[in-house]
Amino acid sequence: MKKNLTHLQQLEAESIHIIREVVAEFENPVMLYSIGKDSAVMLHLARKAFYPAPPPFPLLHVDTTWKFRDMIDFRGRMAKESGMELLVHVNEEGVKKGVSPFTHGSALYTDVMKTEGLKQALDKYKFDAAFGGARRDEEKSRAKERIFSFRSANHRWDPKNQRPELWSLYNTRIKPGESIRVFPLSNWTELDIWQYIHLEEIPIVPLYYSAVRPVVERDGMLIMVDDDRLELKPGEKIEYKSVRFRTLGCYPLTGAVESEADTLPDIIQEMLLTRTSERQGRLIDHDQAGSMEKKKQEGYF
Amino acid sequence: MAHQSELIEQDILAYLKSQEEKSLLRFITCGSVDDGKSTLIGRLLWDSKMVFEDQLAALEADSKKVGTQGGAIDYALLLDGLQAEREQGITIDVAYRFFSTDRRKFIVADTPGHEQYTRNMVTGASTAKVAVILVDARKGLLTQTRRHSFLVSLVGIRHIVLAINKMDLIGYDEEKFRAIEEDYCAFAAPLGFESITALPISALNGDNIIEKSAETPWYQGPTLMHFLETVQVEDDRDERPFRLPVQWVNRPNLDFRGFCGTIASGTIRPGDEVRVASSGHTSRVARIVTYNGDLEEAVAGQAITLTLEDEIDISRGDMLTRLDAPPLYTRHPEAHVVWMHDEPLQPGQLYLVKTATGVTPGRVTAVQYAVDVNTLEQKQVATLGLNEIGLARLELDRPVSFDPYGSNRDTGSFILIDRFTNATVAAGMVLDGPDEAQKAHLSQEDSPWAPRRIVLDAVAATNLNVVDLTEEKGLFLLDLARSIEEYLEKGNRILFRLRDLAQLEPVAQLAYDKNLAFEFDRNGDGVSLLLFKRGTAPAKGYGDDGIGI
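Just so you know, the sequences run in chain order A and B.
Here the first sequence stands for residues 1 to 301, where the numbers follow the working numbering.
Here the second sequence stands for residues 1 to 549, where the numbers follow the working numbering.
Treat the hints as calculated values from the structure; they're not laboratory data.
Treat the hints with caution; some may be incorrect.
To be verified - Below are the BS3-like pairs computed for lysine-lysine, each with C-alpha atoms no more than 30 Å apart in a straight line:
id: 1; chain 1: A; residue 1: K48; chain 2: B; residue 2: K17
id: 2; chain 1: A; residue 1: K160; chain 2: B; residue 2: K129
id: 3; chain 1: A; residue 1: K80; chain 2: A; residue 2: K119
Predicted model only: the values in this text are computed from it and were never measured.
Just chain B, same shape as in the assembly (with noise of 0.2 Å):
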């Protein structure tokens, strides 16, 4: 099914002009140890011909030396790279695998299950468009199952594949298989993604993960493979506003002035204003420069040289951006901050902050509160640790130009990096304004008189809720729609960041009216408050019995 044989004997030049249109999907693999990822990973490389015989043959020869499978092909084996993990029969690191079939070319982040590795499931997940999540069938889901979800939902994954495996083991029972699938959708509800797509597998039979499976007729969904060559991924990123990092100035001489980038979003031509995010220096794109000719436009995802008709001062660490939508540009973002080092965060302790337009030395000054990755609970922490996720406030020597990672990943992360061992210690994810959606949702009843209610009426429940009150210029009354009040008896806890000391008294006020406690942090440029309800048992934990929730 891979390549179309035929036409590469009989006419290969038709065949190479039909693979230029092809398109490439990034996807990650999850699973917990036993789920068979690495069988199924190997099971599409087998079948969509990209193993090759001399590799088959050191295939074969090492299913009988070290092979799980009894002497039979052991498909993991394609993929385990390194001896150690071959020793102990466990993927340790992220591995990048390749296929390609005549739709799409496909990398896979090929990411381990275990706890200790959340670093690396979300170095997988940060360029990856669709995650498979791996269920063993006579488990259903487990905490692992939890977490994996919540991570590539964390990262920005929006489209998921829950591959309900070993299908074979439980006699392809449908009701066994609807009823994970069901689990899985009510516990996944408030992650927000956009397509959760359940398919019944088996990766050592190779059950609808190429070829419709004889053994499941109810099953009226697409194969693995169908899905992987069809699914929809292709983001909004050329419409949104333009925005190019400046990597590089290319100045081989007094007339030639080039600003190399690779466009995080939006598209450009020539004549298009642009505007410098720091100095808001203006200017219009002279040329599109590129080795094969100039261009009339370039879009999102474009490695490229422009030339301005003025001559403005731009340097690497500066963004262009189009005139009437800039990215945020601050010193002291908020985000999500994934923790990769043994060594844990120091507050306050200088770090290198790397972003899509460069280097800035900064620090963490807060962590707000750490999640749970297994229970999504959120606690009160001074700090994080190794594979700990939790929301922080930075402050950088200097401002930087970001979009909220919601809207763009490539603008909206960053890395830390340890000044004196150079380590990668941490990723962050800069938070969404208090316009996004997903975000606490701000309904108001307008009066020119009084002062402003507002009704926190869907607070999503994902855990990491934040409610930005810092725009808010006048007076205001806080309210709770009655969903929200049975969210923080389960333990939850919102957390309002605040403009001043003045918005203290509204958000003090609806404490008392609902009998509910909070803790006052004054940080950095502001006031954040977590708002929660005292003597309430935590969000209930999810047991790891295979039943689900």
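Extracted from the complex, chain A is given alone in its bound form (with noise of 0.2 Å):
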């Protein structure tokens, strides 16, 4: 009898493929962290990957000191789980300077923080191979973007001149000083995504479901008060509601919907049932059509 594989099975082998071939091929590779469901998936595809071992690279973190309580609580637990070591870095530089989304506005500050504190790791630890858990269908600067991604020393990434990317036979040489970015959900949607969390039980950050969240209205978006660092503008106030997010980030960056979805399959159902994209949620890239991809090339994961 004929077993075909389904789409998920198919999209998870393809994964495990490219997560070894990395491992076989780079000297010091890194799988980047950022503790949102396709971070999730992701290092559940490095497990099983390498199981019974661990997986044999470091996770990091590129931490903005924004983010929510509970994503850094899951991060620790994650890491010990997998049995990982966990890098975490900061911006130090931006944090003397007091950089903040309030203070400098989202543009700046995700530059200095996250971009700028991506580039000090990768450099400072040396790495050559960096896993990222973009996905093709996230935004369309992301289509033609390469499963492994290729950039310069300076960590800028060229859309005119990639390489073209054949079966599953992956160039990854390099010159000292270059390094690759790969993603391996470049192929996953969000639908599989959440699909294969709920087929394999995949432990997520509780603020994907559904609670009653202090949270204040501000530019059309629902920020949830996470800490005591979020001053109130006048005429804001803060609310109570059911809420949850459809993406994680920085908390005053991170707009949440309003929401009854409290389990994995509510949470499914509400995503087919809306038609809003994901990305939406975040305020970066709203600047203007392209702005993705001019973040990219200049080094935004």
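Can you join these two chains into the complex? Each is in its own frame, and there are hints to help.
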């Protein structure tokens, strides 16, 4: 009897193949761990790829110091459970200058704390390959990115000069100082991610599930008051609403959605019945069409 | 149509269960610049409800600003990802798009039709199982249509959808549709596709994309979406001999030694005997280890970890195979090579050859000929330049396990990497052996005392014909069927691979008898010989007149 693999089995096998290839061909790989649902799936696939051993590379979190507290707790728990080393990098220069999403605006803040922070960490540890959880369906400029995406010594991405990528034969050659960003989830969609989390019972940060949380309405988004650093503007007031998050980032920049979905099937149901794509909850993509492409060329993940 | 909204609302668990059995289809779309390719894909995404509200808002704004539809929704803008492309209004690289129905998840490789981007098409086609080839109903087949068809056949795609677009602009004329369909089938016959399905569509109006169009009552076939959802592309990978290129040896402690890799073909169970292609050592499978528990059986496409009963030396680069069906294990593969870089191929120069089992230094010793992708003519060349395709012979520093590309894409493919720039400069597909279908057919009349008589009687007209005589042990005589003579008279050439000089005589005799010429070439460990008819005009090129052949 013929056994055709399902779409999730095929996606899983492709991702595991990619992760193993990196470990076999690079000296010093790292997995960028953003604590979100895509990172959760990527970490799960890495654990599968090397079972019964733990994945033979560390996790790296570029901490902007503005992550949700729940995310930080979850980060520690997953590192422990997977038996992997967890590296946390903060751009201390940015902290010294007091860069925050409130004082410097989301664009500069993201550039300093995320993009600069990431480059610092990659340079500091001399990683030659970094796994990221980005998916091609997230955003238009990602649709043309390779699975093995070449970065110059300055971490720049050149969309006009990408290496052709055929079959499952990945060109992993780089010169000293250059690096490769690897996206094992390239061919997954948001729906695939959720279905897989459901099927494999992968733990995710509780913020994805609906609960009554303190929020303020700001620029048309619901921002959660996660600690006392969020200063209320005139006219703003804290309300308690049943909300959850479709994506997770820095709490002052991540919009919550009002929702009653407090189980995984409910979340998937809600996602299928709503018609708003997930990056909308992130302030940084709103500036202009093509803004993500610009950020990527400059080295943003 | 895309999602069972009612089931989602009423019983999400039942819905999720039903989604677990979904299959995956990768396909490629190819078309010329104005064939409406982006509009077609945009329409598929749109109609399968994979465009979300905020994307829609951006699309409406963009349509007004830079759209080509006079402010109406321009579906093509859903796809053009990079700013430069938007400004030029053309797609310049391979983009991957995703949509999903209740039966299947689809991954679409959207590739440009421009000549200089042959490499992008080959890239996009390398993982695809179906090609949707767009034709403008007003223009019919163009040179590009033929080029795309040749390229997708070369890369091993067996199913073609001929989407005859802009039917609205020819008044849904059945006769014109049928004429294009017939032209195409005649042209494509030698390419050996398993199926060709012609569809009358209008991407702009949505005719026969998801729903059957009221404008084409004469058309009884499937809509595009229906075809994509139901086409059977599952190959017989599971039935082919077991192949596991070893990607990584997992050795967390002295008690565990696991061999990790993705099964390229066949199936495996604990207790099965396996052989290491390089050393010939054999053992039995002890366990198939996974995070979710040991498996009773693993099949082609799965990424697995095996442990063996015996301690034998296996490392990355080896291939585990079934005992009785070993792969080719050679330093001298012959392959179709697609050159993908501005710097032309340097015969004799060392490149890195990356295959399913790892990286081996190697060089191209000879380019036997190049194929003109527009006319499918062969030409004698010393090297290959950007976007040129040819038949080449390689010499690797050490033997590597291969299967013919025709029987296994994963173990029959390679890429060439420049050692100095690290650029991916070429893609290669290892040639079928002489016993494979679609190659020169050797028929024989055996007789115990006379030389074997070999009649070349069914050279498939793919213009990539090779007659391999290296396995012929005894004496033989050659003869040509009349169809092959006619084929040579049209300016086509046939390449013979000979074991040694002793085999030269029967080929020379054949050339003498039939008044043919040949060119002789010694390379690596063999001899090759190109047979052709002197003084004939080359096979007539296809005019780009839009009418057809």
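Against the structure, the hints come out as follows:
{"no.": "1", "hint": "K48/A x K17/B", "in the structure": "holds, 23 Å"}
{"no.": "2", "hint": "K160/A x K129/B", "in the structure": "holds, 27 Å"}
{"no.": "3", "hint": "K80/A x K119/A", "in the structure": "holds, 26 Å"}
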